[in-house]
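Number of protein chains: 2
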Amino acid sequence: MTYSFLDLVKKIDVVPYYFDEGEHAKFKESVYTFISHDGTFRLGYILPMVSKEFKNHPDVVQVDDTKREIRILPTLDTLELRNEKLNALAKSWRDNGIFLHLKGWRNELYTIYDTEKKPYMRLERSFCPLLGVVLYGCQINGYVQSPETGELKLWVPRRSATKPTYPGMLDNTVAGGVGYPQGCLETVIKECYEEAGLQSSYVKDNVSFVGVISYFYQFEKGSFDTERGFVQPEVEYIYDLRIDPSIIPHPVDNEAEDFRLMTVDEVVKHMKNGEFKHNCAGVLTDFFMRHGLITPENEKDCIEIQNRLHRRLPFPTR
Amino acid sequence: MTYSFLDLVKKIDVVPYYFDEGEHAKFKESVYTFISHDGTFRLGYILPMVSKEFKNHPDVVQVDDTKREIRILPTLDTLELRNEKLNALAKSWRDNGIFLHLKGWRNELYTIYDTEKKPYMRLERSFCPLLGVVLYGCQINGYVQSPETGELKLWVPRRSATKPTYPGMLDNTVAGGVGYPQGCLETVIKECYEEAGLQSSYVKDNVSFVGVISYFYQFEKGSFDTERGFVQPEVEYIYDLRIDPSIIPHPVDNEAEDFRLMTVDEVVKHMKNGEFKHNCAGVLTDFFMRHGLITPENEKDCIEIQNRLHRRLPFPTR
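Residue numbers (full-length UniProt numbering), protein chains in the order written: chain A, 1 to 318; chain B, 1 to 318.
Incorrect hints may have been included.
No copy labels: a pair is met if it fits in one copy or bridges any two.
To be verified - Computed cross-link-like contacts, BS3-like style, restricted to lysine-lysine with a CA-CA straight-line distance of at most 30 Å:
#1 Lys11 / Lys300
#2 Lys272 / Lys117
#3 Lys269 / Lys221
#4 Lys300 / Lys190
#5 Lys11 / Lys272
#6 Lys118 / Lys272
#7 Lys28 / Lys153
#8 Lys221 / Lys117
#9 Lys67 / Lys118
In case anyone wonders, no lab produced these hints; they're calculated from the structure.
Go ahead and model the full structure; you've got the sequences and the hints to work with.
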């Protein structure tokens, strides 16, 4: 099967839009809404299998099966209290082997934000997909530009065959989650060294923030009774990094197998074959759009692609 | 008053999002939904004052006050029939002086699309805001880059004091609506000559498509009983055009008064003072984001800005 750019984007922007009324209603009936302690805003969407487990923890949340809502207890009215109670609960689920996903425990905290864009709580990374809360990452497009022709090539690594997620698939030059307490640029610099051996002084001088993409992912579309159905609204900070032809990226940690410098045509071929990790195809599509390689003249779905890659999520963000 | 980038974006992305439940419900109760002849999709949102006039034309539409829907007659089942009937109706309203907005009759046709992204009808430009259908335009950022420092400057025209809309305000280097039968690039080339005297061969070689922005505009937020309340979902195709320092843009038609080459700081100052036409501030914000001038480190609202500038509209688009 050959995927179009829109097909690829739909693989990461999966949750139905409210104006697809039938589809959206079906989605909403299949999940519980995760609500702040004061009842004023949504935090995420939760599967019934997680909601069922939450019922054993009335000291942390109230579960309302009629409204299909899971609300953090009103008494958990500080960031510290929420961090303590929710992470302790996650640990107990992990220790009791209740959710497979928690076997990938990271010991990294991700920040969840309130409607004022202020930190609302900080949760263990592997716990977040169970709650359907917004996650943040950085993605770096490492490219080489011909000084003569202006032609762009991209440095593409293959993920290690032993990675727990998407083993052996093609990946973006560098990527990483934005955990607490790192900032975006700090994460970029750290990951560029760890994943591609790029020196921080070089990265600082040459990397450029170029925007944000966001989409509403579900691991497996329309699946609500296994962990494959976890929903994951995601925001990725996008950076372009011009790489000097004399620099050859190389893996420092074991995250990537090797790097290859590919022409745009090669990258597109691998994308359309479905060889890239899902969200990389989104990042690359955005890169091609910004660099005039996808245009209204050669791509009929320009508008829908752009819209889906910048979806406003129904939850507060940073 | 000084506007933030988010304030400026909110001036063009005005219609409430569905998850702002109270606001969205209020909006929906204040308008009629314009529906395709076969009842399968929405085309736009219409004010009650327009709906009232539509009731005099049962040969064109059915108005349902209970559902608050205006549906094109099922018998108008071809593009040609819809063009004929709806444009004739617009002409009669214009000739009878029913809506002020139709005094700006353009004799330009804009295409409205169906859910397959195929042309559904073509309507007189000045009629479109009465129907709240999606409109398309092109926006060109004409910039000069210092070969030594990489510093960007932008060519900024001031709109003629005699223009019917936004007289005397600052504008994007070049902009224009995408009317039928012109394509995007064709419109860009035509407008670059007419508005800025730029030669088509130069534009062809140097202009680059860099993406699409879209937003849900209402001339005056929350106003539903005057023509200021017309809603206008808009899509703008964005192009960057590097302008050689030896080229000085100059108005050929009477659309612009003069051009000035401004530093980014100057442009930002004028934006924050509210001196730019509304949607230009959106186009410039997108330019600054793509060029690394707005970053997560210096702008707390990056995500919301990007999302609102790429809103997926609740109607079919091209």
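Problem - Numbered hints the structure breaks, given as an ascending list - result: 7
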